[in-house]
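Residues per chain are reported as follows:
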Amino acid sequence: MRVMVVWCPDWSVVAALEAADRSLRSPAAVLSANVVEVCNGPARAEGVRRGQRRRDAQARCPELLLLPTNPDRDARAFEPVLAVVEDLRPGVAALRPGLLAVRAPGSWYGSETAAAATACQALVETGVWDVRVGIADDLFTAEQAARVAEVQAWTVVPPGESPAFLRGLPVHVLQDDGARGRELVGLLQRLGLRTLGDLADLPGDAVEHRLGAYGATVRRRARGEDPTLFAARTPPPELDAEVPFEPPLDSVEAITFSVRTTAERFVTQLAHHQLVATGVRVEAESDGVVCSSRSWLHPRHFSARDLVDRVHWQLQSAGSTSGVSGSLRGRKDAGVVRAPIDRVRFVPELVEPAAAHGEALWGSASHDLVERGVARVQGMVGFDAVRRPVLQGGRSPSARQALVPWGDRAVDLRPADRPWPGRVPGPAPVRVFAPPRAAEVVDDGGRPVRVTDRGVVSGEPRHFRVAGPTGDLPWQPVTAWAGPWPTDEGWWSGGAGPTARFQVVGADGRAWLLLRAPDGWSLEAGYD
Amino acid sequence: MTHPQGGNAGPSLDSFEHVFDHGAMSSARSVAALDPGRSVVEQLRERVAAMERRPAGDPVATLPGLADLVPLQAGSTYAVDSASLALALAAGASRAGEWVGFAGCTDFGAEAAAELGIELSRTVLVPDPGEHWLEVTAALVDVLRVVVLRPPATVDERTAGILDSRLRTRSAVLVVHGQWPRVSARLSVEESVWTGPTSGAGELRERRARVAVHRGARPPQRADLAWPGVHRVDPGSEWQAREVREIRRA
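Chains A and B, in that order, are what the protein sequence lines are. Numbering follows this note's numbering, in which position 239 of the first sequence is assigned residue number 239; successive positions increment by one, without gaps. Numbering follows this note's numbering, in which position 153 of the second sequence is assigned residue number 153; successive positions increment by one, without gaps.
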């Protein structure tokens, strides 16, 4: 069996630069734990090497672009490359991001050289510039052949000539084989073995005794006796679902009516793979251009009706003239989209096994009923107007809660199980004002009460009032107060500055939470 | 559309539980044993009312501290003048596994609600329903057990009547934080005392409030409640004793 290996060098850097939208010619390195993991050609030319510390790398090359490591990003970026090669020859195995193997497609393209050239050309056409191809009898030799090839070129090792090809290679080619490989390279060099041929000439049992199972494997590879096969991947199933409209539709009602069967097909074909979608991107095309695209997350998983609702909300809000989501819309202008839609597509972004979302044996009838009722309310006042309260961590009462749109999932919540030093103790306030209302607090002499940077209160609070558009509290005496609880949040990124919170009980026996910020007092919450 | 927990669902569920107690499958659905501690006539009346599918009047779970003061009844409207009383009235049903909703409450305190036992995953918030507040409330009443509403404007008799009839058919409870023309009971906080803070020291710890319940023209009924947790306290004696103890400890 002949193997073709396609190698895209420094793939992590390429993928990271693409994601960061930077030029591939600028020196860049991907760092993991403050150590250079991969660097590209321009960086190597400046003396940056793998394994260097961040400081050393920057000292050699001050304009070095430092990029975070992200294996998922690399794998995602490699997916189009796999698809291109899969078009030429099915049965592709992704060895790791940047390296793939496939059975060499010899006779179809005339010769192996022609096949390698075809693969190179197809990849360069998709924008992958640095691609090298190696063809040989076994996987290891093919990989080494790809590594000696030039940019956009190929090395073909003729059948049966693998040992001869490998003999001349220096042992440090094993460095790409992970930590084990690097360790072995050091050992072999100290033993005076410079090339793979030196290792291959040693007796097999001695190598196995001294260098262990890995050393024996490397020796077998160097002799061209590598038995390693690769498992070709099955191409992932196409789970998108789309519906074309001919002629294009310009009313939200008509579109939602027409996408119903497609939504059902989408859910059914996922169910066929024992999957459910928890995140879906809905795309609407107008005149061949995607004019509206939004990702929706579901607290449980999407049913066909949920998808139809999302299409409705998305197109409605895109078409509303006000453009402010969550604002009230008149019913007259609600049903018009900005441009006629000729295609709607559902793309599953997050899928999970259906078993993780199974319903109880007796179903959840009351829950479904509530979902339906809430969907009706959302139809009246908009998707964002119906909320679900969730708790999170924080210091002020309004930071400790989040109101998540109904049917959406809470993301980026602060953990609530941390201590959050500086938060106000005692029972939680019943009323939380967000944004806070302007207030005034004065001491005996009628002077505004201040708090110094060190948390010292300038005078005892005697009277306070709250001014605001609704629910004004007139001046009233303070019967009891507690505090201050000083905090200085976000000082490292230009926060609000040092603030202090006070619990104040008014004349009518109601308690309030007042905040002293550098720019004045405000009412944050009420204990009512 | 019927209410999930409404109608005769309650009694029939009870009788299903009895199936396993007695092992008598045949009699289970029709005859649940009568409670010997209560009037037979009254219980039979309740049963007839349930069979007639008249959900109004069904008791709705209420917090223990409020149960004898204002036992909530499905289909009724209650008015309160404080956000903590509104939360307390909704908490009982939520603890019992029902869905609750808050409309027009822009200043909903989620943490306080959770401390009181309201299950936030079964809570629907419509903070700003705007001009459609009446339709929104009616739609919420359709599917939720307790709906707390802060009406943005004064409400006339006719508007209240529309919601009232909807409430009766859906066996939900409406708690209005504000003014409402016709209510079964109006709860108001008459006196309120916080213990804990003095002049700078301490922190808010406990609140005692005297709550008056007005029902029509009858003289108001009063009770002393303590937060957090909404439990009843005897007026007078313990209140005083506690404050004395605080002073000694200090």
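Hints listed in this document are in silico derivations from the structure and should not be mistaken for laboratory results. Hints are supplied without guarantee of correctness; some may be wrong.
Unchecked claim - Reference listing, derived: stretches of chain A covered by chain B, where coverage requires no fewer than 3 residues with Cβ under 8 Å from a Cβ of chain B:
| # | stretch |
| --- | --- |
| 1 | 240-247 |
| 2 | 371-382 |
| 3 | 427-439 |
| 4 | 476-488 |
| 5 | 509-523 |
We put the CB at the ideal spot given by N, CA and C, even for glycine.
Do the hints match the structure? See the list:
1. Given as covered by chain B, the stretch 240-247 of chain A fails the check, having 0 residues with a CB less than 8 Å from a CB of that chain where 3 are the minimum.
2. Here the stretch 371-382 of chain A counts 7 residues with a CB under 8 Å from a CB of chain B, which clears the bar of 3, and the coverage holds.
3. For the stretch 427-439 of chain A, the stated coverage by chain B holds: 8 residues have a C-beta nearer than 8 Å to a C-beta of that chain, and at least 3 were required.
4. Only residues whose beta carbon comes within less than 8 Å of a beta carbon in chain B count, and the stretch 476-488 of chain A has 4; three or more means the coverage holds.
5. With 3 residues carrying a beta carbon less than 8 Å from a beta carbon of chain B, the stretch 509-523 of chain A meets the three-residue requirement, and the given coverage holds.
Consistency note: the structure conflicts with earlier hint 1 alone.
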